[in-house]
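Enquirer: Here is how the chains run, residue by residue.
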Amino acid sequence: MRNTIDERGGDTARQLEGGPRMPVNLNGVPAPLDDADPHTNALDWLRSRGLTGAKEGCAEGECGACSVLVRRPSGNRSTWTAINACLIPALSLDGQDVVTSEGLGTPDDLHPVQQEMAVRGGSQCGYCTPGFVCSMAAEYYREDRHADPAPAAGDDGEHGPNGFDLHALSGNLCRCTGYRPIRDAAYALDSPAADDEFAARQAEPTPPAVATRVTAAGAEFVRPQSLGEAVKLLGETPDAQLVAGATDWGVSVNLMRARAPRLIAIDRLAELRGLTVGDQVVTIGAALTLSEIERGLDGRIPLLAKLFPQFASRLIRNGATLGGNLGTGSPIGDSPPVLLALEAEVVLTGQNGERAVPLADYFTGYRQSVRAADEIITALRVPLPLAPHTAFHKIAKRRFDDISSVAVAFAIDIEDGVVSRAAIGLGGVAATPLRARTTEAALVGAPWTAETVQTAARTLAAEGTPMADHRASSDYRRAMLATSLPKFFAQFEQEETAR
Amino acid sequence: MSNLSQRPANPVVGQAIPHEAASLHVTGRALYTDDLVQRTRDVLHAWPVQSPHAHAHVTGLRLDDALATPGVVRVLTADDVPGVNDAGVKHDEPLFPTEAMYVGHAICWVLAETLEAARAGAAAVEVDYAPLPALVTVREAIAAGSFQGAQPTLERGDIEAGFDSATMVFSGEFEFKGQEHFYLETHCALALVDENQQIFVQSSTQHPSETQEIVAHVLGLASHEVTVQCLRMGGGFGGKEMQPHGLAAIAALGATLTGRPVRLRLNRTLDMTMTGKRHGFHSDWRVAFDDDNRLVALDTTITADGGWSLDLSEPVLARALCHIENSYYIPNVRVNGRIAKSNKTSQTAFRGFGGPQGMAVIEDILGRCAPLLGIDAAELRHRNLYQKDQETPYGQPVEQADRLHRAWGQLTESGDLERRRAEIAEFNRTHSDRKRALAITPVKFGISFNLTAFNQGGALVLIYKDGSVLINHGGTEMGQGLHTKMLQVAATALGVPLSTVRLAPTRTDKVPNTSATAASSGADLNGGAVKNACEQLRERLATVASQHFGVHPSDVRIEAGRVSAIGSNADPLAWTDLVQRAYFQRVQLSAAGYYRTEGLHWDSAAMRGCPFKYFAHGVAATEVEVDGFTGAYRTRRVDIVHDVGDSLSPLVDIGQIEGGFVQGAGWLTLEELVWDESDRPTRGRLQTQAASTYKLPSFSEMPPDFRVALLEQAEEEGAVYGSKAVGEPPLMLAFSVREALRQAAAEFGRPGTSVPLAMPATPEAVFWAIEAARTGAFGDDLLVGETTLPPQPPADAPHMHPESERLAADAGV
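If you're matching them up, the sequences are chains A and B in order.
Residue 371 in our numbering sits at position 371 of the first sequence, with consecutive numbering throughout.
Residue 253 in our numbering sits at position 253 of the second sequence, with consecutive numbering throughout.
Next comes chain A alone, as it looks inside the complex:
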C-alpha cells in the first residue's frame, strides 16, 4: 500500500468538522492541534512544538522516555496520569490538560520530584530522565499514596516508607544508573505542599471530551459522543481502527507504518466505562483502563489483582483496556488466560444490538475472533461467586514489563478435599488463548492431593501446541505447563499451612 504523505502547509486538504477543536492545555498554555494529522502521535506533536523533554527511545511504549502527564477522570475529581506519548494520537488530547517535564519545574525552580532526582544521582545521561520524572510525579500526586501501609520487615522492597509504589516506574527504562538512586529519590519524596498547584488541580473534574472530527493526510480521526454513533461509524468503515488506550495502535503506526483510513476514539464513551459489582456478575466496561479497573475493584477479584502488577507496566496500564487486549486477539495477551479462568463473557455491541459470548468461544484463530467487523467490545462480565483458590503464573524473561512466553491462570474450588470446580486459562501455547479443558476434567471430582496434581500436571503439559521463538523454546514452554500445577499446589499448601 502506498501511504499518504504529509504535505505540510497543505491545509486545504484538511477538513474540520464537529465544531472548533479545543487546544490542548499544555503546561498551562493553550496549544493548538492544527498541525496534527490523525496518525501523528502525541510525542511527535509535542516535539514539533519545540518541547524536548519527552523523547523517543523505542516508539513502542517499552522505555517510558516519552512519558508525560495527562489529567484523567477519577470520579468527580481527576488524577495526573502518566502515559506513553509515543502511543496515542495527538488528536486524542483535544481539549485535555497535559504536563511535561518542562511544565513541572525549571532549572531554577525544580519540582520536588526533579529536585530529588537531581541531587541523588538519578540522572546520568539524562535521556530517560524526563520520562522518569513524569512517571514519578504521577505517583507523587496519587492521593491514596500515604494510605498504603508502610512496608513491613521482609517486604518485597517495592514500596517506600512514603507509600511510593515502585511499580509506578515499571515502564521506564534506564540504561545508566542501575535504578538504585532513582528508587532512593522516589522513596525520599514527601507529600505535596499545601499550595501545590498540580495537587490542587486534581480536585477539579477533567475537561469534557471534545467531539473532534478531523480529516487530513488521507485519514480521519473522529471522537463519537455515543456508543450508537461509534457503532455507526465502524459500520461505515469496516477497516477503521478503534482506539482507546491506543497502546497497540501506536506500535503499529510507529514501527509497522500502519495507516488506517479512520480512527474512532472510544476511550471516553460513558457506555464503555461502567464498573458494577452485582450479586451474580461483575461488569467491567471495555474502555476502562487497567489502572482504573485495579482501583475500582480494589482486590474484589483476587485473580485480577494478581494479574495487574504483571500486566505490562503502569504506563501501559494507564492506557490499555480489556477491550483492547481482547480486541487485538493476541495469543500472548495477559488478560485472556485470567478472564478464561474467571469464565468471563464478552459483551459485543453492533448495529444489530448487543450479544454476550463466553470468552472461551470468542477466539477462533490467530488474532481471529467471533467479533463482527461492525461490533465493539463494550464490557466483560465475570460471573459470581468466584472460585476461592486462584493463581496467575506468568513466565517471562523479565519480571516487570515483559511479554509472557507462557501464562497460566488457575481458578479452582475444593470441597471436602475434592476439587469441585476448575477453570484453567492458558496463553502462549497455541494460536489462541485457550481453556485447559482436559486438565480441568481430570481435576474435577478428584481429591486435591499431590498424586492428583502429578497426574493432572502431565495432562496439562500435553495441552496446546507450544512453539519455539525468540522468547522461549517449545521444550521450555511445555515444561512450564508441566510445572505450573505443582507450583500452584505448593503455593496452596504453603498458604494453608500459614493459615
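Derived by calculation from the structure, the hints in this document are not laboratory data.
A portion of the hints provided could be inaccurate.
To be verified - If you anchor each label on the Cβ, the simulated ranges turn out as follows: (1) B/Asp376 to A/Asp469: 35 to 45 angstroms; (2) B/Pro650 to A/Gly157: 18 to 28 angstroms; (3) B/Ser678 to A/Gly274: 25 to 35 angstroms; (4) B/Pro650 to A/Pro161: 54 to 64 angstroms.
As the list claims (entries may be wrong) - Below, computed lysine to any residue pairings styled on SDA-like, alpha-carbon distance capped at 20 angstroms: (5) A/Lys306 to B/Ser700; (6) B/Lys465 to B/Phe584; (7) A/Lys232 to A/Arg355; (8) A/Lys306 to B/Asp627; (9) B/Lys613 to B/Leu4; (10) A/Lys232 to A/Leu386.
Cβ coordinates follow ideal geometry from the N, Cα and C atoms, glycine included.
Following the hints, complete the assembly by docking chain B onto the known chain A.
Expert: Relative to the frame of chain A, chain B by itself:
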C-alpha cells in the same frame, strides 16, 4: 607522590556533587542532537533502504518510484560520493555497498521533506539482489574457516609442562552471546553547510575526531573543512565509538548535495538492526590445577564473532586476550585469538571492550570446575588471586595485587558473608522448591588503550576578563559524568569555586586529534590535559599575584577564588581582580593543555609489554534466590568494594559502579540477541530487534539491597588527583550474579554437582541448569581428567599489526 596525583588543600575534586547537567536533565532542557532539529530551518530527513538478505549481491537499483514519491528530494547512492566510499578506518566498510553483508545493511538513503515521506520513499526504492550463502553463527563461521584480521597468540611459560605437572585437568567448550548497547538515545546526526562553507556536523559520537576524519574522507575534503560537535549523548557504552561515522557522513553528504540541513536519526529498529554490538565469543579450553587447587595452565582458543566487517574487533580481541586470566595468576598460559567473519552487524566496542569476554571464559571454567575439584568456588577463586608483583601473562607486574586481597577481606566482613552463608545453607535445607546461593567474584581491569598512541588528551582553557572560565576538552559526555569531573578538576587546579567554571560542548575545532572517549580513560586523559592547561594559567597568575604581594610565586595561594600569599599581611585579592591585573599586564589568559600517559609500552605482534597505566580492582558478592519450578530468580543482595583510587567525584563514581554492575548483569542473565539461524528467507534476521523483545534490566532487576563501598586508602600515584578510571571495570563485577545462579541451580542436585549454565542465564537457561543438576548431567562438552587440544592457528596466521601502529612506526615512534 607525583605532581599529577597531588591534591591541594580543600580541593573541589572529591566532593560528591550531582551531574553538572542534572537540573537540565530533570526539566527536559538538556539538549541532545535530535533536539536541534526544531531549531534548524528546512531540514531534510534521511531513511535507509535495508537489505532483507543476510548476504547478497546488489545487482540493480531503481529509484524512479522513490523519486516520484511526494516529498522525496533525493536518493543518495555510491555515485554521489566525491571522496572515499567507506565508513570505517579499515577500508572494509563501504558506505554504499554493492554486496549486502547482513540483514538490515543500508544500500542507499532517501532524503525527504518529512520523515514520513523518507520512509515512503525508501519503501519505493527497488533493489535487485542475488542472494549468496550466509554464515550466521560463530560456529558456522569457524567451520567455514571464515576469519578476518589478526590471529594473535598470547603465551607464557610452558603449556605442555603445565599440563604434565597437573593433578587435575579439564577441558570444555563455551559459547556466549553479545549484547546490544541500547543507549536510550539512538544514533543521530544533523549536518549542514554553515555560513563559512564549513561542513558542520552535530553528532551523537564518542569519537568526534574520527567522525570528522570519516566525513572528510567521504566528502573528499581536508579535516579543516569539517567540524564535528557532540553536545552530549543519551548513553554511548562504546556503541558510539565507531558506529556514528558513516551515519554522520551520510548526513554531511546529503547536506553538501542539497544545500539543506540533513537529519539522520535511527529509530530503535534501525539502530538495532544496523549498528554493531558487543561481540559474542566461542572458546575451546583446557585447564590444569595442582594438588593445592592452584591454576597451573590454561590453554584456550577464543573466537570473537566479528560480524561483517573488522571494525574494532582486533583491539577488542587483544583486550580479551589480556583479560583471560581476570584476577588469577596462571603460570602457563596459551591463548589463541581469532575473529570470525559472519553475516551480522559489525560488532564493536562495548563497555569492557573484550575484557568481559575474556574474563567470562575463566569465570565459567572456575564455576564449573570447583565442584569437581571438591572445593568451594569462593575458596577456589580466593586461592588463585594474584599476589603482589606477580606478572600477567603478557609480562606486566600486578603491582597492587594487595588491593584485590584487601577488597576481598573488606567485603567478606562488611557483607557479613560467613553468617549469610550459614543462613543460606539453612534456607536450602528447609526449602525444596526454592534455593539460594551467594557468589563472590573479583575484577582486575587494565586501564589505558592497548594501543599506546591513543593515550593522549588535549584541552583548551579560557579565562575571560571578568574572571569567568570556559573549558574545552577532547572528551565527550555520555552520562558518565566526565564533564562534572572536568569542572571539578579545573576548579581545583585554578583554585576557584565550581560556579566560576563553565564547560563548552565538545568540538573538533577547539581540541584537535582527540582519542575516543573510551577505554574508561576519559577522566585520566582529559583530566590530565585540563589540569595541565589550568596549571599553566595558574602559574602565570601566581606570578602576577607575587608581584602584588611582594612574595615568591610559589608562596601565592589561590583557593576558592581568594588570592593570598604566605608571609604577606596584605589583604587577599579576589580572583576577578587578579585576572583583571593579569589582562592589563598583558598576560595570556588562555592555555592549551596536553597530557600523555607515561610509562606505557606494548608490542602487539608479540602480545607483550606494559600496556596499562594501572589496574582497577573490585570484588562483588551477590546473593540470589531461584525458583525450581520455572528457573525464575531474584537478586536479593549485592555488596561491592571497588577501587576508584581517590575518587574525583564520589556520587558520579558510585553511579558508574552501580550502573555498570546492572548492565553487566543484564548481559550475563537477561539480554538475549537471537538471530534467525534457520534456512527460512528470514535467515540472519535479528529476532530481538526491539525493546519489547530484547529485554534490558528494569526496576525488577535492581538489587533491592545494593551496598557499594569505595576501597579506602586507594590513591593512585600517577593519575589525575590520585583517581582511577571507573567506566568499564564495574561491569565485570556482575559475574557474581551468574555464578550465584549457577550455585543456586546446583543446590537442586547432590552436593558437589557441577552445573553448565547458558549465557545469558535467562530463567529458561537457569531452569535447564536446575534440570541438569537434578540429573547430575554436567554438560556434554566437559571432559574431566582428560583434555582435548584447542584448535591451533596456522603457521602463517596474521599478526596483530594495526594500521595506526604501522603509521606510528613509520613516523619513527
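Enquirer: Would you pick out the hints that fail for this structure and give their numbers low to high?
Expert: Those not satisfied are hints 3, 4, 10.
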